Amino acid sequence: MSQQNATAKEEPVIRIVNLKKEFVVGDTVVRALKGLNFELEKGGYMSIMGTSGSGKSTLLNILGCLDTMTSGEYYLDGINVARMNDNELSIIRGRKFGFIFQSFNLIPQLSVLENIEVPLFYQDWSEKDSRAKSTQLAEMVGLSHRVQHRPSELSGGQRQRVAIARALSNDPSVIFADEPTGNLDQETGREIMQILDNLAKQGRSIILVTHERAIAEHANRMIRLVDGEIVSDTKK
Amino acid sequence: MLYIYKIKRVGKLGMRSLVEHKLRSLLTTLGIIFGVGSVIAMLAIGEGASYAAREQIRQMGSTNIIIRSRKPEESTSATNNTQNLISYGITYEDIMRIRKLFPDVRIHVPAREINTQLMNQATRIPTVVVGTIPWHLNNSQEKVIYGRFIDEYDMDTYANSIVLCENTAARLFPLEFPLGRHVYVGSQAYLVVGIISSGDGSNAGTGAAGAVEEKEVYKAYISLTAASKRFGDTIVKRESGSTSMEKVEIHQLTITALSDDQVMPLAVAVRQTLAEFHKKMDFQMTIPLELLNQAEATKRIFNIVLGSIAAISLLVGGIGIMNIMLASVTERTREIGTRRALGATRKDIIMQFLVESVLLSVIGGLIGVGLGIGVPKAVTLIAGLTTIIQPYSILMAFCISMATGVVFGIYPAIRAAALSPIEALRHE
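Sequence lines, in order, name chains A and B.
Numbering of the first sequence is given in my numbering, commencing with residue 1320 and proceeding in unit increments.
Numbering of the second sequence is given in my numbering, commencing with residue 5 and proceeding in unit increments.
FYI, nobody ran anything at the bench for these hints, they're computed from the structure.
As the structure is a prediction and not an experimental result, all values here were calculated from the model.
Think of the CB as a built atom: it goes at the ideal place given N, C-alpha and C, for glycine as much as any other residue.
Just to be clear, a hint being listed does not mean it is correct.
[As the list claims (entries may be wrong)] If the Cβ cut is set under 8 Å, some of the chain B residues that face chain A in the computed set are: (1) THR342; (2) ARG344; (3) GLY347; (4) THR349; (5) ASP352; (6) LEU429.
[To be verified] DSS-like mimics (lysine-lysine), calculated; alpha carbons at most 27 Å apart, straight line: (7) LYS351/B x LYS16/B; (8) LYS12/B x LYS1452/A; (9) LYS10/B x LYS1452/A.
One chain only, chain B, in its complex shape (with noise of 0.2 Å):
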């Protein structure tokens, strides 16, 4: 309690021969303020950037795996000239696999969407015809009236197999049942077998189709692998004069695990599953929790940069502070002298010089507070970028600062209090 109060007391006077000496002072401590300053704003800015980052993919979905089919390698200059047909990419057999192995897991493959027209004898209305995968229906709101919706069979069989959506099937078959009869596209016939609640009309899957909102939408429903098969899955592409086709049954397809930690493991028995079949590694495989990962270990070697500048510049403003505190203790050694006379012990000593060391460096540390807090609002006005100030690092950077002032006001106050007293005084 008393040393407190003694502090409290030297404090006061400190301040005081740090006021008396403002620039003095301020030079001091510019080190000490531009280290705070700099840690507390790198910080926000770094952690407002990772903060972007981690979102965009976060939105990809954490438990998500993307594997894309991708054009290999070698086919492009070897084989182009002989073999016209490329076939690669992950296959609807692949899906099955992946399905038998991991029954837990969700697998999303984006419809596939085609624009034609429907036929049932005369009718003819405009539909967009919708290759699925048979738990289509899992993550919609459509759900099977009549019948059935497509199944792993019509998958299987490339069956000519198609649900129709209510509002479809109302257009197409106005005075009968349409389950069991035939549909018409271009020249293939179409079992109905089953009729499917349109949900709530926009809900289009990829929402490629989503957009035509405003007049009314028919759908229809046949297996991924039928749709493959008669509407074709090559792409044809015409380079200087040759042509060349390639043929991709899926394009991609998102794996969802059912939590964070299963995410890795899935993910390399499913690289392993499907490299099996893909020698020629046709598929690529985008992890978001990795590249999360990543993200994170790249700010953690971006906070061990910031905190090597902010080690620097620290040890740089306490250099700054031990040697303005060695001049003061020079400058003010008849004034040691003259207090140990009068009873100051080298502990008094001490303190006195401490408490004037921890003062400049934490007033350093406030106005560094107040910069790093600035320079961040400063950056979001101007340049838009999220910034985000982490209260930890105000909270450790003005502990450091006053760390700093205790660690470099040290040996000056041990210095003065060295001081024989008769020394001191004699000192001109």
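Only chain A is shown next, with the shape it has when bound in the complex (with noise of 0.2 Å):
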């Protein structure tokens, strides 16, 4: 698969060679990336920053494999992902990813353990081995005084802590976390954000995108994004 980068040193997560998309709008090609490389090391937690129009979330859709390239390769645990097919990219994306929007996304008519096991359904886990996996992972989140209650009964910060715990629950190769503390007062954001930078203490490896600098300075790793280019590679 990688047959270039069979060194002894240990594969990337996420790895992408020369990320270009465009699409087409009328007569008009518009490139939304142009040409991205960058690398994300196992337990790297990265921010990718920039204005809205800047590329962030074609590139947030695209590593998430919500989105295909238009040229480019993306190497994900060392698998070439760029040429896969819709079936093939939903298994990735539930055994690989765990995402955590802006807006929650949690199902409605579901309560917060059940909100917690989608992605275990669609891993085929049992109910009994998914239930157990939800309530650990909902104590962990700090709502197991909550598990019953359906979404529209918490609290925003409650809510995004449920998608939180959700992300967690495939044990994900990559945790996405699309402007996670949007829809949040400062407050309640921060507090997810400290959730976020104990995962990534803890080993996980985070995409956070954003547009606030205070934010994006969460990760260790800033990119910055500007027309569809990166402008900036920072490391702490």
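Got two chains here, separate frames each, mind docking them using the hints?
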């Protein structure tokens, strides 16, 4: 799969090579990403920063295997996922990623525990095992007293905790957090960032997408995108 | 196995979202409920009605062909003035012809009963004199004890032969052996040719005399032809001054075929035979089997009509389901996007929505089955009509409602699965 990189060095979780994404809008071709190259080592905590229209959402979608690229290579745990079909990508998402969205995206008719179990359902976990895992995760994010509640009965911060627990349920290789504090007040946002920071400390690989510098600075490495190009790549 | 397990879990979730929208789910399934309900109910009522009709026909005997004498059309007006006596209908000769051509079949002619008196010198007893055919005893419990029964020769010659029942003989000839003696009916002398046992006494052939059971019935038999000749078979009608007379030898006869499948060919042959001698078509054939077949054909048409109604109502019901599922897909676009992001394949999404639509239609189908069983019961209770609930109709309606769920659920499900995850996630 990655013959070029058959050195003793540990394979990065994510390695993208000359990633390009173009959209056709009417007669014009919009080049959203203009040949990006970077790696995320195992346990890395990276933030992607940029204004709206910088291409950061497009990049996140491609990294999260929610969208396909126009050209380039994308190695995930050494596996090239650039040419995978929809079905394979779904399976990759379910196995390798955890998603934390700005608007939480919890399923309204499911309880806290059931929401946490959604990725496990698609991994064919048994009901019993899923319940054990979700209970443990709910406890970890401090929601063990609200496990049977519906998302509508929770505060924003609590909802995002559920989402974090859900993102952890399948023990992912990478956690994508897309503006995780965007819908929260500052105080709650800080709490959520605390959880993410802790996860990073525990060795989770995290990609954080935000337009706020203060949030981006939580990460060990910051990539700044402007017009589909990386303009800076700073490490702490 | 894993798939079934998955469907079970998806089903549980689907059930929950249906219960959450109780009114919406109920309204959605109404089409299916009424579709399934009306099919089962109407089939039950239709089956009941046709069963009643078939029973009625079957009572006439499915192997029977009934021939009735009928007054020919043209003779009513044109020849009425010149010719006062109209003779028409089946004759004894016709019976003999049929008998000769089809020796296997049984021909039954209702006996003609004449209430009169029998006389032997000074002894007079009221007697039912029965004009009948030589093979009368074939379907009777009566047996010849002495001498013989009426035979074909008697029929052909209009002979004044008489067969007495045991009790009649005993009353008329208390002291002598009756065979070879004469008895008188009015001024006519009849030769006693046989004596038969009375059977169970009340066995009166057509049953007209069967009502008189209390007092002893005295019976005697003469040939049908003799009965016609001596007692006449003219019916006198008086209409507005003019008098018309009709002569009918045999009013009705029943031919019994050996089996159901011989009925129709036999009927055709008999009709041809009769038609040769009855150019005026002064007879009418009733074939219960044909009526039965007609009833079956009517039922088939009825079933086709019902089937169309069912198809239409299920179509409408299905469209209702499709409509609500499409709405549900739109409403839950974000959920679809989220599930896709969390690892759901297109197949998973299709399954989720398909399970929901099938649940909807199956629940509707079940309620419909309840309705379809309840309505005929109520009809029987209130209107007293026979209704027969067909088990196959329940099964069929249920399967069709399930199929409706699949057929009309598949498009919304595919639409849901076709959504791109990003678009779906972005959906407000």
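Hints, verified against the model:
1. The interface hint given for THR342/B holds, since its Cβ lies 4 Å from the closest Cβ of chain A, which is under the 8 Å cut-off.
2. For the restraint placing ARG344/B at the interface with chain A, the shortest Cβ-Cβ distance is roughly 7 Å, inside the 8 Å limit, so the hint holds.
3. Given hint, GLY347/B at the interface with chain A, holds; its Cβ is 2 Å from that chain's nearest Cβ, closer than 8 Å.
4. Evaluation of the THR349/B hint against chain A yields a held restraint, the C-beta minimum of about 4 Å falling below 8 Å.
5. With 8 Å as the threshold, the beta carbon of ASP352/B comes within range of chain A, its nearest partner Cβ sitting at about 6 Å, so the hint holds.
6. Taking 8 Å as the C-beta contact cut-off toward chain A, the hint placing LEU429/B at the interface holds, the least distance being around 7 Å.
7. Restraint check for LYS351/B and LYS16/B: satisfied, since their Cα atoms lie roughly 18 Å apart, inside the 27 Å limit.
8. Restraint check: the Cα-Cα separation between LYS12/B and LYS1452/A comes to about 21 Å, which is no more than 27 Å; the hinted pair holds.
9. With a C-alpha separation of about 18 Å, the suggested pairing of LYS10/B with LYS1452/A holds against the 27 Å cut-off.
In summary, this structure violates none of the numbered hints.
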